[in-house]
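Top to bottom, those sequences are chains C and Z. Going by the working numbering, the first residue of the first sequence is number 1, and it counts up by one from there. Going by the working numbering, the first residue of the second sequence is number 32, and it counts up by one from there.
Since the hints were derived computationally from the structure, they do not count as laboratory data. Careful, some of the hints might be misleading.
Think about it this way: if two alpha-carbon atoms lie no more than 20 Å apart in a straight line, the pair counts; the simulated SDA-like pairs of lysine to any residue are [stated by the list, open to error]: (1) Lys145/Z x Asn134/Z; (2) Lys66/Z x Lys157/Z; (3) Lys27/C x Ile191/Z; (4) Lys66/Z x Trp9/C; (5) Lys27/C x Asn134/Z; (6) Lys27/C x Trp136/Z; (7) Lys116/Z x Tyr24/C; (8) Lys27/C x Lys157/Z; (9) Lys79/Z x Glu154/Z; (10) Lys27/C x Glu154/Z; (11) Lys27/C x Leu114/Z; (12) Lys116/Z x Ile29/C; (13) Lys116/Z x Asp6/C; (14) Lys27/C x Gly148/Z; (15) Lys66/Z x Asn3/C; (16) Lys66/Z x Tyr24/C; (17) Lys66/Z x Tyr23/C; (18) Lys116/Z x Trp9/C; (19) Lys116/Z x Leu5/C; (20) Lys27/C x Val81/Z; (21) Lys27/C x Val62/Z; (22) Lys27/C x Trp186/Z; (23) Lys66/Z x Leu30/C; (24) Lys116/Z x Asn3/C; (25) Lys145/Z x Leu42/Z; (26) Lys27/C x Thr113/Z; (27) Lys27/C x Gly190/Z; (28) Lys79/Z x Ile191/Z; (29) Lys27/C x Arg189/Z; (30) Lys27/C x His188/Z; (31) Lys157/Z x Ile176/Z.
Note that the coordinates shown come from a computational prediction; the quantities given were computed from them, not determined experimentally.
What follows is the residue order along each chain.
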Amino acid sequence: MRNPLDSLWGTVISGVILTAVLYYIVKHILN
Amino acid sequence: MDLVPALARWLHFMAGIMWVGLLYYFNFVQVAALKAATADATNAGITKHVAPRALLYFRWAAVVTWLAGAALLGNQFVNAFTLSKGMAGIGVGAWLGTLMLLNVWVLIWPNQQKILGMRPASEEEKAIARRVAFLTSRANVVLSIPMLFFMAAGWSHRGIFVL
Numbered sequence: 001m002r003n004p005l006d007s008l009w010g011t012v013i014s015g016v017i018l019t020a021v022l023y024y025i026v027k028h029i030l031n
Numbered sequence: 032m033d034l035v036p037a038l039a040r041w042l043h044f045m046a047g048i049m050w051v052g053l054l055y056y057f058n059f060v061q062v063a064a065l066k067a068a069t070a071d072a073t074n075a076g077i078t079k080h081v082a083p084r085a086l087l088y089f090r091w092a093a094v095v096t097w098l099a100g101a102a103l104l105g106n107q108f109v110n111a112f113t114l115s116k117g118m119a120g121i122g123v124g125a126w127l128g129t130l131m132l133l134n135v136w137v138l139i140w141p142n143q144q145k146i147l148g149m150r151p152a153s154e155e156e157k158a159i160a161r162r163v164a165f166l167t168s169r170a171n172v173v174l175s176i177p178m179l180f181f182m183a184a185g186w187s188h189r190g191i192f193v194l
């Protein structure tokens, strides 16, 4: 499997997914 | 007196724009440009004149951004980093920014020094340094996306987390 960080799109999409995951954690678990 | 937080926020924005702007320059422009320039043997200009200057502003802008951010948090610094109730949003942003700062100074800069010939390294060590610096830089682009979200929404607009 290719490393998503080798492509710019893979990098940006990884960042957006991480944002959604962290948002869920902050909104529903930490706050 | 609101002068100190206002100045800290101003400095945090300016240094942060320089830091993340140069991070995006490296990843969206220089990596591809260097590949093309290496193919037609015109890469020396970038590696000798552009990259060292960009890295200089990049790594020190990271330090200034972090310090100004810490000043801006003020007496909420510990509450942010311990993700206390109501401070978890900006706290996550602060942790992401801190991880990015560590990546710059612990992984990117030492490996870039080997790549650019500022530190002695064999060809094999340079190849490893290139991969580590590249992946760490890309990881920082990934981290910058939620970091900017939590910086923008985590404190001044924290209502987004409690609706």
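Right, here's what the structure says about each hint:
no.	hint	in the structure
1	Lys145/Z x Asn134/Z	16 Å, holds
2	Lys66/Z x Lys157/Z	16 Å, holds
3	Lys27/C x Ile191/Z	8 Å, holds
4	Lys66/Z x Trp9/C	18 Å, holds
5	Lys27/C x Asn134/Z	27 Å, violated
6	Lys27/C x Trp136/Z	31 Å, violated
7	Lys116/Z x Tyr24/C	15 Å, holds
8	Lys27/C x Lys157/Z	43 Å, violated
9	Lys79/Z x Glu154/Z	18 Å, holds
10	Lys27/C x Glu154/Z	48 Å, violated
11	Lys27/C x Leu114/Z	12 Å, holds
12	Lys116/Z x Ile29/C	10 Å, holds
13	Lys116/Z x Asp6/C	37 Å, violated
14	Lys27/C x Gly148/Z	46 Å, violated
15	Lys66/Z x Asn3/C	19 Å, holds
16	Lys66/Z x Tyr24/C	38 Å, violated
17	Lys66/Z x Tyr23/C	36 Å, violated
18	Lys116/Z x Trp9/C	35 Å, violated
19	Lys116/Z x Leu5/C	33 Å, violated
20	Lys27/C x Val81/Z	42 Å, violated
21	Lys27/C x Val62/Z	36 Å, violated
22	Lys27/C x Trp186/Z	13 Å, holds
23	Lys66/Z x Leu30/C	44 Å, violated
24	Lys116/Z x Asn3/C	36 Å, violated
25	Lys145/Z x Leu42/Z	31 Å, violated
26	Lys27/C x Thr113/Z	16 Å, holds
27	Lys27/C x Gly190/Z	10 Å, holds
28	Lys79/Z x Ile191/Z	46 Å, violated
29	Lys27/C x Arg189/Z	10 Å, holds
30	Lys27/C x His188/Z	13 Å, holds
31	Lys157/Z x Ile176/Z	29 Å, violated
Of the hints listed earlier, those the structure fails to meet are numbers 5, 6, 8, 10, 13, 14, 16, 17, 18, 19, 20, 21, 23, 24, 25, 28 and 31, in rising order.
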